[in-house]
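Protein chains: 2
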Amino acid sequence: MEWTREQRYLPYEKWSALTLLKLQSQAAKSKYQLHYHIHPTSGLLNDPNGFSYYNGQWHVFYQSYPFGAVHGLKSWVHLVSDDLVTWTNLGQAVLPDTKLDSHGAYSGSARQIGDKLFLMYTGNVRDQNWVRTSYQIGAWMDEAGKVTKLDKPLIEAPDHVTEHFRDPQILMHNGKYYAILGAQDKKNQAGKISIWRTDKIDGQWEDLGYVDLPDMGYMIECPNLVFVDDKPVFIFCPQGLDKRITAYDDVYPNMYWIGESFDFDSGHFVTKQKAPINLDYGFDVYATQAFNAPDGNAYAISWVGLPDSSYPTDDEGWANCLSQVKKLSIKKGKLVQKPVAAMKSLRRYPESLDGDLEFDEGGQYELKLAIKKDQEGTLTLAADKNFEQGLKLSFSTGSHASLTLDRGNVGADVNVDYGTTRSLALPKNRELKLRIFVDHSLIEVFVDGGQEVLTGRFFAPAGNTYAKMSTGIDYKGSLWQLKDM
Amino acid sequence: MEWTREQRYLPYEKWSALTLLKLQSQAAKSKYQLHYHIHPTSGLLNDPNGFSYYNGQWHVFYQSYPFGAVHGLKSWVHLVSDDLVTWTNLGQAVLPDTKLDSHGAYSGSARQIGDKLFLMYTGNVRDQNWVRTSYQIGAWMDEAGKVTKLDKPLIEAPDHVTEHFRDPQILMHNGKYYAILGAQDKKNQAGKISIWRTDKIDGQWEDLGYVDLPDMGYMIECPNLVFVDDKPVFIFCPQGLDKRITAYDDVYPNMYWIGESFDFDSGHFVTKQKAPINLDYGFDVYATQAFNAPDGNAYAISWVGLPDSSYPTDDEGWANCLSQVKKLSIKKGKLVQKPVAAMKSLRRYPESLDGDLEFDEGGQYELKLAIKKDQEGTLTLAADKNFEQGLKLSFSTGSHASLTLDRGNVGADVNVDYGTTRSLALPKNRELKLRIFVDHSLIEVFVDGGQEVLTGRFFAPAGNTYAKMSTGIDYKGSLWQLKDM
Numbered sequence: 001m002e003w004t005r006e007q008r009y010l011p012y013e014k015w016s017a018l019t020l021l022k023l024q025s026q027a028a029k030s031k032y033q034l035h036y037h038i039h040p041t042s043g044l045l046n047d048p049n050g051f052s053y054y055n056g057q058w059h060v061f062y063q064s065y066p067f068g069a070v071h072g073l074k075s076w077v078h079l080v081s082d083d084l085v086t087w088t089n090l091g092q093a094v095l096p097d098t099k100l101d102s103h104g105a106y107s108g109s110a111r112q113i114g115d116k117l118f119l120m121y122t123g124n125v126r127d128q129n130w131v132r133t134s135y136q137i138g139a140w141m142d143e144a145g146k147v148t149k150l151d152k153p154l155i156e157a158p159d160h161v162t163e164h165f166r167d168p169q170i171l172m173h174n175g176k177y178y179a180i181l182g183a184q185d186k187k188n189q190a191g192k193i194s195i196w197r198t199d200k201i202d203g204q205w206e207d208l209g210y211v212d213l214p215d216m217g218y219m220i221e222c223p224n225l226v227f228v229d230d231k232p233v234f235i236f237c238p239q240g241l242d243k244r245i246t247a248y249d250d251v252y253p254n255m256y257w258i259g260e261s262f263d264f265d266s267g268h269f270v271t272k273q274k275a276p277i278n279l280d281y282g283f284d285v286y287a288t289q290a291f292n293a294p295d296g297n298a299y300a301i302s303w304v305g306l307p308d309s310s311y312p313t314d315d316e317g318w319a320n321c322l323s324q325v326k327k328l329s330i331k332k333g334k335l336v337q338k339p340v341a342a343m344k345s346l347r348r349y350p351e352s353l354d355g356d357l358e359f360d361e362g363g364q365y366e367l368k369l370a371i372k373k374d375q376e377g378t379l380t381l382a383a384d385k386n387f388e389q390g391l392k393l394s395f396s397t398g399s400h401a402s403l404t405l406d407r408g409n410v411g412a413d414v415n416v417d418y419g420t421t422r423s424l425a426l427p428k429n430r431e432l433k434l435r436i437f438v439d440h441s442l443i444e445v446f447v448d449g450g451q452e453v454l455t456g457r458f459f460a461p462a463g464n465t466y467a468k469m470s471t472g473i474d475y476k477g478s479l480w481q482l483k484d485m
Numbered sequence: 001m002e003w004t005r006e007q008r009y010l011p012y013e014k015w016s017a018l019t020l021l022k023l024q025s026q027a028a029k030s031k032y033q034l035h036y037h038i039h040p041t042s043g044l045l046n047d048p049n050g051f052s053y054y055n056g057q058w059h060v061f062y063q064s065y066p067f068g069a070v071h072g073l074k075s076w077v078h079l080v081s082d083d084l085v086t087w088t089n090l091g092q093a094v095l096p097d098t099k100l101d102s103h104g105a106y107s108g109s110a111r112q113i114g115d116k117l118f119l120m121y122t123g124n125v126r127d128q129n130w131v132r133t134s135y136q137i138g139a140w141m142d143e144a145g146k147v148t149k150l151d152k153p154l155i156e157a158p159d160h161v162t163e164h165f166r167d168p169q170i171l172m173h174n175g176k177y178y179a180i181l182g183a184q185d186k187k188n189q190a191g192k193i194s195i196w197r198t199d200k201i202d203g204q205w206e207d208l209g210y211v212d213l214p215d216m217g218y219m220i221e222c223p224n225l226v227f228v229d230d231k232p233v234f235i236f237c238p239q240g241l242d243k244r245i246t247a248y249d250d251v252y253p254n255m256y257w258i259g260e261s262f263d264f265d266s267g268h269f270v271t272k273q274k275a276p277i278n279l280d281y282g283f284d285v286y287a288t289q290a291f292n293a294p295d296g297n298a299y300a301i302s303w304v305g306l307p308d309s310s311y312p313t314d315d316e317g318w319a320n321c322l323s324q325v326k327k328l329s330i331k332k333g334k335l336v337q338k339p340v341a342a343m344k345s346l347r348r349y350p351e352s353l354d355g356d357l358e359f360d361e362g363g364q365y366e367l368k369l370a371i372k373k374d375q376e377g378t379l380t381l382a383a384d385k386n387f388e389q390g391l392k393l394s395f396s397t398g399s400h401a402s403l404t405l406d407r408g409n410v411g412a413d414v415n416v417d418y419g420t421t422r423s424l425a426l427p428k429n430r431e432l433k434l435r436i437f438v439d440h441s442l443i444e445v446f447v448d449g450g451q452e453v454l455t456g457r458f459f460a461p462a463g464n465t466y467a468k469m470s471t472g473i474d475y476k477g478s479l480w481q482l483k484d485m
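Quick note, the sequences are listed as chains U and E, same order. Residue numbers for the first sequence follow full-length UniProt numbering, beginning at 1 and rising by one. Residue numbers for the second sequence follow full-length UniProt numbering, beginning at 1 and rising by one.
By construction, these hints were calculated from the structure, which means they are not laboratory data. Hints are not guaranteed to be accurate.
To be verified - List of simulated lysine-lysine pairs, DSBU-like, C-alpha gap at most 35 Å:
#1 E:Lys-476 / E:Lys-338
#2 E:Lys-476 / U:Lys-344
#3 U:Lys-231 / U:Lys-373
#4 U:Lys-187 / U:Lys-152
#5 U:Lys-152 / U:Lys-176
#6 E:Lys-149 / U:Lys-22
#7 U:Lys-146 / U:Lys-29
#8 E:Lys-22 / U:Lys-327
#9 E:Lys-31 / U:Lys-116
#10 U:Lys-274 / U:Lys-373
#11 U:Lys-483 / E:Lys-149
#12 U:Lys-31 / E:Lys-22
#13 U:Lys-29 / E:Lys-483
#14 E:Lys-483 / U:Lys-476
#15 U:Lys-22 / E:Lys-146
#16 U:Lys-344 / E:Lys-31
#17 E:Lys-22 / U:Lys-149
#18 U:Lys-433 / U:Lys-368
#19 E:Lys-116 / U:Lys-468
#20 U:Lys-433 / E:Lys-344
#21 E:Lys-176 / E:Lys-331
#22 U:Lys-146 / E:Lys-22
#23 U:Lys-29 / E:Lys-14
#24 U:Lys-274 / U:Lys-327
#25 E:Lys-146 / U:Lys-31
#26 U:Lys-146 / E:Lys-468
Stated by the list, open to error - To give a feel for the contact side, a few chain U residues facing chain E, derived at Cβ under 7 Å:
#27 Tyr-12
#28 Glu-13
#29 Ser-16
#30 Ala-17
#31 Leu-20
#32 Leu-21
#33 Ser-25
#34 Lys-29
All C-beta atoms in this analysis are idealised placements derived from N, C-alpha and C, irrespective of residue type, glycine included.
Could you build the full structure based on these sequences and the hints that come with them?
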């Protein structure tokens, strides 16, 4: 089905409830549907928004287009959790219903201010000639989940940026509010992170220029500043980044840059890191949102999906999901991402896997493996009984140590133009520890305690839940079925 | 808001998706919302339908009107579970979209036949003069959840019944299919259970007359025949039953009748029981559906809600829920209803409560109590900090032993015309064992291992989660917070 612009931007009230009910049912029944990850109730999910802690609960929102697997008129869907693992979907929270967000309530962030949650986001507006204006706008959410929008923009695009100016992250520092935004500099069409400051959240915002990172690609989307082990870390999506700076395989990468210090007012960023580093070595991670939580930890959650890409569920009228929440730390100059502790609360039916084995993994599980050094083999997952198809995780723990995820022969193809394998070099002659989470059509591989993560969607035929370790591998393993969240 | 007939029967496609999204969000955010019971995603839920086991999963459906807390144009919403506790909502499965169910896909049952699930239900049709015709119709559901309706009715109302002829339960006996239906006999306007038989599910159905139970009230709704400990048990809702036959407090009761034998072909029912017995001694149980599962057990699930009644959530555009699943057995001529084993999988944060105590129960919990004999007191739940309001469970375990649930001073009133207390006589001078499940606005009290059950909705202000046992009571207790399902 081809979607016209008119269809994609049809107001929500013009769609019929019957269409929506059928889309919701179709998405819920999909064999690819996620069971312990945040997924759309219908239509397309993209960026996580407003990841925050407020009123005794964790909050996250996702960018939603409810009527199909296309980037149409966007709203925010709201979810809450007590443990960062089990989320309750509270439905559409921010609708594109004012003249400042008429063509989409685009991405943004949230932060508790006083006794309310303040949302800061990009209002997307198109004029009759389809010329875009982006407004950075605000809204207050109360404890009952009621959202009241401010009637004036907080920030309008300054002269030095193009129409690409969006995704505000609201921060607080020394008693003032700051916002960082993704921007395209007008002069050289380069990707930048723009900084703003105000004393009063709905007062006058002051343009502080750009963070003094090098120009990256032609646009930076979804910038985040988060303090991890006391170091400032920027997490962002540089579009069009030269692969000679940092190699990546997806259409656009999600990267990070760890600093030693950051001056909010001048944008001065001191760093020992030479170039951005890939946040994830899998296939589909983008628009990661991170924040410093009141419990002292920094947490991140990612969109598992990519811009300008299509997925097999598009035909079922839904697409994409969010990753599990990842707890951030720094080790030897690299960002470490670990599952949160409460992920263990999903475990049931533990099994030991020691030595060579074939087993039925069931499609929704955690697999913990320790593979001894100097081994070389392949773990096949999501396979048919005869192992003619399957998701392959190949490893070497010898002198040319590496890990490769291959989704080239799983079932339905995904974004094959960008390759069907992703590889990662590993420290040589060392034991390899993996925690692998599979949720029907999603795999998340945490390598050596989260020092690297490989995330990817895969689309296997129903019933392909067989697994096999290649013969002769010296390893130990544990398998748990995981409950629905 | 007053609903006109036109509004209530407006086709689903005429409602806007925006209205539905707002209703869904409002229901999800309600402080009264259920967290481990089946509840409507929006609008009104009534009877459980099609409670069954098929394709390795438990299935249940509920009667749904998605657009408000009124009895409008009904459809079936489908849910599946692996454990009878955690249910996944798969959305609208049977829509009122043919000329045989144009004014509602009303209640019915389900049973695996071959490799599909066969649904048998009442199609409600109104003509231009709003005269009703009820068709008993069928549909096949496949493993992917796709529903294909038969294009001819299975059964049309025979001459000896009025327009009140509905709620088929499909059964199998000696290689033939049987259906029992709720009926109003035309001659004396009495409530009856009608029996039908066929060799071939979509073939000719034969009218076998009525089950030879006494006339009960003016109509019987939702009849079920289930075999419990090898005895035939009818569970049904006699409307207008003379209270001198069996006393009851609600507008309509849900009752059962245990037999020694039942002859499917003649309708002959041998029983030692003199009169129907109340299935539940609480406030809001109706339309219970029960079936014999392949695991050898008989299970029941109830609508917690009543016909012709209003609830405080009506103003939020949603109403009612289903009970937890109850496992049936017979003890001393009475039907025993127990929580299923997997309910324990929801438990977390165990606490011991021994002796006099005030505690914060949190709103979503299981409380297990053993109250010694010859005690008299009150357990107050869902109370404010000062215990000015609360849900009261008063007990005496002395010579006039009884249990009374009082929702008269909780917060918002419910159906006060039918009284605000429900009482139950208990065996005298005996220890009393209670398992109490609370889910925000629902209480289910299992008395002495399920020998009696009291179920009721209650509507307390937000934050009223304080509990107190009256002083000097000799008891032991355990409290668990319960996870969301």
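So, going through the hints one by one against the coordinates:
Between E:Lys-476 and E:Lys-338 the CA atoms are separated by roughly 20 Å; this keeps the pair inside 35 Å, and the hint holds. Pair hint E:Lys-476 plus U:Lys-344 holds up; C-alpha atoms about 31 Å apart against a cutoff of 35 Å. Between U:Lys-231 and U:Lys-373 the alpha-carbon distance is near 33 Å, which keeps this suggested pair within the 35 Å criterion. Taken as a hint, the U:Lys-187 and U:Lys-152 pair is honoured in the structure, with Cα atoms around 28 Å apart against an allowance of 35 Å.
Among the hinted pairs, U:Lys-152 with U:Lys-176 is consistent with the structure: their alpha-carbon atoms are about 20 Å apart, no more than 35 Å. Distance check on the hinted pair: E:Lys-149 and U:Lys-22 sit about 17 Å apart at the alpha-carbon level, within 35 Å; holds. Only pairs whose Cα atoms come within 35 Å are accepted, and U:Lys-146 paired with U:Lys-29 is accepted, the gap being roughly 30 Å. At most 35 Å may separate the alpha-carbon atoms for a hinted pair to count; E:Lys-22 and U:Lys-327 meet this at roughly 33 Å.
Annotation: proposed proximity of E:Lys-31 to U:Lys-116 holds, straight-line Cα distance about 18 Å (limit 35 Å). Under the criterion of a C-alpha separation no larger than 35 Å, the hint pairing U:Lys-274 with U:Lys-373 is consistent with the structure, at around 31 Å. Simply put, U:Lys-483 and E:Lys-149 have alpha-carbon atoms about 34 Å apart, close enough for the 35 Å limit, and the pair holds. For the proposed pair U:Lys-31 and E:Lys-22, the alpha carbon gap of about 28 Å is at most 35 Å, so the pair holds.
For the proposed pair U:Lys-29 and E:Lys-483, the alpha carbon gap of about 24 Å is at most 35 Å, so the pair holds. Note on E:Lys-483 and U:Lys-476: the hinted pairing holds, with a Cα-Cα distance of about 32 Å set against a maximum of 35 Å. Restraint check: the Cα-Cα separation between U:Lys-22 and E:Lys-146 comes to about 12 Å, which is no more than 35 Å; the hinted pair holds. With a C-alpha separation of about 28 Å, the suggested pair U:Lys-344 and E:Lys-31 falls inside the 35 Å cut-off, and the hint holds.
For the hint pairing E:Lys-22 with U:Lys-149, the CA-to-CA distance comes to about 17 Å; that is within 35 Å, so the pair holds. Proposed proximity of U:Lys-433 and U:Lys-368 is supported: the alpha carbons are some 8 Å apart, at most 35 Å. With a C-alpha separation of about 32 Å, the suggested pairing of E:Lys-116 with U:Lys-468 holds against the 35 Å cut-off. Annotation: proposed proximity of U:Lys-433 to E:Lys-344 holds, straight-line Cα distance about 33 Å (limit 35 Å).
Straight-line distance between C-alpha atoms of E:Lys-176 and E:Lys-331 comes to about 31 Å, which keeps the hinted pair within the 35 Å bound. A distance of roughly 12 Å separates the Cα atoms of U:Lys-146 and E:Lys-22; the hinted pair therefore holds under the 35 Å criterion. Among the hinted pairs, U:Lys-29 with E:Lys-14 is consistent with the structure: their alpha-carbon atoms are about 24 Å apart, no more than 35 Å. A C-alpha spacing of about 24 Å is found between U:Lys-274 and U:Lys-327, which places the hinted pair at or below 35 Å, so the restraint holds.
Restraint check: the Cα-Cα separation between E:Lys-146 and U:Lys-31 comes to about 13 Å, which is no more than 35 Å; the hinted pair holds. Restraint check for U:Lys-146 and E:Lys-468: the C-alpha separation of about 33 Å stays at or below 35 Å, so the hint holds. Because the beta carbon of U:Tyr-12 sits about 4 Å from the nearest beta carbon in chain E, less than 7 Å, this interface hint is met. Residue-level restraint check for U:Glu-13 holds (minimum Cβ-Cβ distance to chain E is 4 Å; threshold 7 Å).
This hint holds: U:Ser-16 has a C-beta 4 Å from the nearest C-beta of chain E, less than the 7 Å allowed. Look at U:Ala-17: its Cβ gets to within about 4 Å of chain E, closer than 7 Å, so that hint holds up. Given hint, U:Leu-20 at the interface with chain E, holds; its Cβ is 4 Å from that chain's nearest Cβ, closer than 7 Å. With 7 Å as the threshold, the beta carbon of U:Leu-21 comes within range of chain E, its nearest partner Cβ sitting at about 5 Å, so the hint holds.
With its C-beta approaching chain E no nearer than about 3 Å, U:Ser-25 sits inside the 7 Å limit, and its interface hint holds. Taking 7 Å as the C-beta cut-off, the interface hint given for U:Lys-29 holds, the closest approach to chain E being about 5 Å.
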